[in-house]
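Read top to bottom, the protein sequences are chains A and B. The numbering of the first sequence is my numbering, which starts it at 4 and goes up by one. The numbering of the second sequence is my numbering, which starts it at 4 and goes up by one.
Incorrect hints may have been included.
The list treats identical chains as interchangeable, and a pair is accepted whether it falls inside one copy or across any two copies.
To be verified - Taking lysine to aspartate or glutamate and the DMTMM-like style, the derived pairs with C-alpha atoms no more than 25 Å apart in a straight line are:
1. Lys285 / Glu26
2. Lys136 / Asp216
3. Lys219 / Glu164
4. Lys325 / Asp358
5. Lys285 / Glu388
6. Lys325 / Glu202
7. Lys22 / Glu373
8. Lys219 / Glu202
9. Lys175 / Glu164
10. Lys285 / Asp358
11. Lys325 / Glu350
If you're looking for bench data, these hints aren't it; they were derived computationally from the structure.
Protein chains: 2
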Amino acid sequence: MKPLDIAAINREAVQAIQKVQPELVGIGIAGEVVPRLRRNLVLHAGPPITWDRMCGPLRGAVMGALVYEGLARSIPEAERLAASGEIAFEPWHEHDGVGPMAGVATASMPVWIVEDRASGRRTFCTLNEGLGKVLRYGAYSEEVLTRLRWMRDVLGPVLQEALTRRPPINLKALIAQALQMGDEVHNRHRAATSLLFRELAPAILRTRAPTDDQVKVLEFLHANDHTFLNLSMPAAKLMLQAAEWREGCTLVTTMARNGTDFGIRVAGLPHRWFTGPAGQVKGLLFPGFIEADCNPDIGDSAITETVGLGGFSMAAAPAIVKFVGGTVADAMRYTQTMYEITVGESEAFQIPSLDFRGAPLGIDLLKVCETGILPQINTGIAHREAGVGQVGAGLVNPPRQCFEAALAAFVEIYCPE
Amino acid sequence: MKPLDIAAINREAVQAIQKVQPELVGIGIAGEVVPRLRRNLVLHAGPPITWDRMCGPLRGAVMGALVYEGLARSIPEAERLAASGEIAFEPWHEHDGVGPMAGVATASMPVWIVEDRASGRRTFCTLNEGLGKVLRYGAYSEEVLTRLRWMRDVLGPVLQEALTRRPPINLKALIAQALQMGDEVHNRHRAATSLLFRELAPAILRTRAPTDDQVKVLEFLHANDHTFLNLSMPAAKLMLQAAEWREGCTLVTTMARNGTDFGIRVAGLPHRWFTGPAGQVKGLLFPGFIEADCNPDIGDSAITETVGLGGFSMAAAPAIVKFVGGTVADAMRYTQTMYEITVGESEAFQIPSLDFRGAPLGIDLLKVCETGILPQINTGIAHREAGVGQVGAGLVNPPRQCFEAALAAFVEIYCPE
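So that you can see chain A by itself, here it is in the shape it has in the complex (with noise of 0.2 Å):
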């Protein structure tokens, strides 16, 4: 057997990732365009989970997505046909998507399309909704399914209109900017979704909806900066694709969580996850809520802290501190210690603050096993009961024991003696 020359593989990884170039094609249905996704199949965030493991928010976003789909008339019905065992749950990310927090998907609910043009690749991630009472917090009242069928019958239309009467957005190029502007493009997407909002509003515009319904969808749009986070997660798992799932690989192409379990997936181990428990986020607690009301973290939105965005560029977004907690001197360190568990630096993704040095890029599992340093997440919080919501928003780590045994299994295809 030929030895490996990780650091080559590694090398070579990094190249593929940084060569996919991610475009806003389209908007589609999910259960048209979203491959093997079934009627009676929730798509959710994080490594796979039965109904009795899941989470509170991840139980409710699950409940209300029945509602929406009509395959329950009520949350204690949908709570029934959940545990029933006719309703089947896969991971997103098995399906070349992602979605944030409770990260729920079924098969009428639009989704963003983002392309590679060379390779033909693509992924998808639903729109976001909003903040406060959503489905992806774990909220299902009236109002939150209210609001998802005005996005599949007004937002989502509109959209898909819109982009067809304009070129597809090059994604990278505008997280680029972004990266310019202050957000670090996971829970700062202030730029991002005000230049998204530039791009838009001139198609939108020259779609045949009433002027009505194109105002209503400018406000949706306008009214919420996290707009652009269901764009840079499938941006970033287009980009980090691309590594997937090359021999003796060690870069990390996935971390994400279902709220009850971390899961990390490694280039050279196709398709296996390896979890841990799911950790306590440390940040800024909205008024009235307290640390007990947290549930543990949760979502594939740590996809963008795997492509070296997020917590891994949070140098290049001091305002996010504001939103997550610490200071503008941990938002700097955050950025220069994920170098020390990556093999690359990002060509499109530069941080001002830095000189313009490409953001951490290439997790290696090795590198994290060696150092001992976590990389690091920040992201939203959720209430820990079903049907309430975000409560804040901070800084977490992935449990240790997802590289420990990623490690071992590493060790075991690949150092057999």
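Use these hints to put chain B onto chain A, whose structure you have.
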């Protein structure tokens, strides 16, 4: 004579500046809303100047404006008219307004109206034409005049109606946000323009203008990241007017250049200009231009520095160095140094990379003279010949003699023996 407590007077002046709430309330026709603007009067940037001493780009803009106004049928005729004595020239600053670069404004141009509701005071500025061959850089070709007519006939009226269909836009809050998003709000306005675009787009849709015009207006605003410059300037002027004219106050309330002279005005020396030769800007030139092509420093846009933005807030905008030259460390240093010549720190305008320290606010004539530190300005560079346009951007300081002359005048008035 009671001794002056200059420090207390300056503190009060800074407080007065901080209290101003500049809001974008509408669009008007300059001749109808700008005080004492008559048909044969051309407003310009900087201190007063006669035709014979005007630099190339200011002459170019004047000639273009005379043709645009129908006062001359051709550029040669405009040149003769401008030199004839039949046209009056006065600084924008003496008409409650400001103009970027040549800063030329005439009666039929649309202007933004910025208002402080509490005091009822208003300031004005023309709408930004975009980059390259534009009147404010001294270009006057048919392309330039056609654009100005479209701005008068379509852009102005659409924005005017849009602004009646929504509440006033709080420019101070918007600028404060932009500083958290990598703008220094003089030569980098990408975030501020994006935020403005988000505010305006839904209102533009609600106008009765044809969809084609609405789309063109959105695309025009979208295509020009400097759109907001023509709002940050009158907002800055409105704030600084609160310090004028205040007995014994040594705060600089105006820094402005006409391309020949740099002039300052001081709160305790009502209406007087103290001038010196406009400096050569050091910076990055567009391909094909050399230093000998560059006109000396020009424009009223240094009003942004006077209120703590632009060169004073470069630490908020590391990405600006790609446009004006220098390093990120330089940008940090410029801001740090400006605290040595200012008496206050902005409450609204915060520098994220300095742990949200307020921007240096209130340039003190005495501190400038004591320390020898000159205000740091960043600025666009015009070609020195009429008709060409912008050739680059860079950094410049005012001439020392403005401050020396102002100090001498201050001593003469306030310390007679």
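Here is what the structure says about each hint:
| no. | hint | verdict |
| --- | --- | --- |
| 1 | Lys285 / Glu26 | neither (34 Å within a copy, 38 Å between copies) |
| 2 | Lys136 / Asp216 | within (23 Å within a copy, 38 Å between copies) |
| 3 | Lys219 / Glu164 | both (15 Å within a copy, 19 Å between copies) |
| 4 | Lys325 / Asp358 | both (23 Å within a copy, 11 Å between copies) |
| 5 | Lys285 / Glu388 | within (18 Å within a copy, 60 Å between copies) |
| 6 | Lys325 / Glu202 | between (28 Å within a copy, 23 Å between copies) |
| 7 | Lys22 / Glu373 | neither (28 Å within a copy, 55 Å between copies) |
| 8 | Lys219 / Glu202 | both (17 Å within a copy, 13 Å between copies) |
| 9 | Lys175 / Glu164 | within (22 Å within a copy, 36 Å between copies) |
| 10 | Lys285 / Asp358 | between (30 Å within a copy, 21 Å between copies) |
| 11 | Lys325 / Glu350 | between (28 Å within a copy, 16 Å between copies) |
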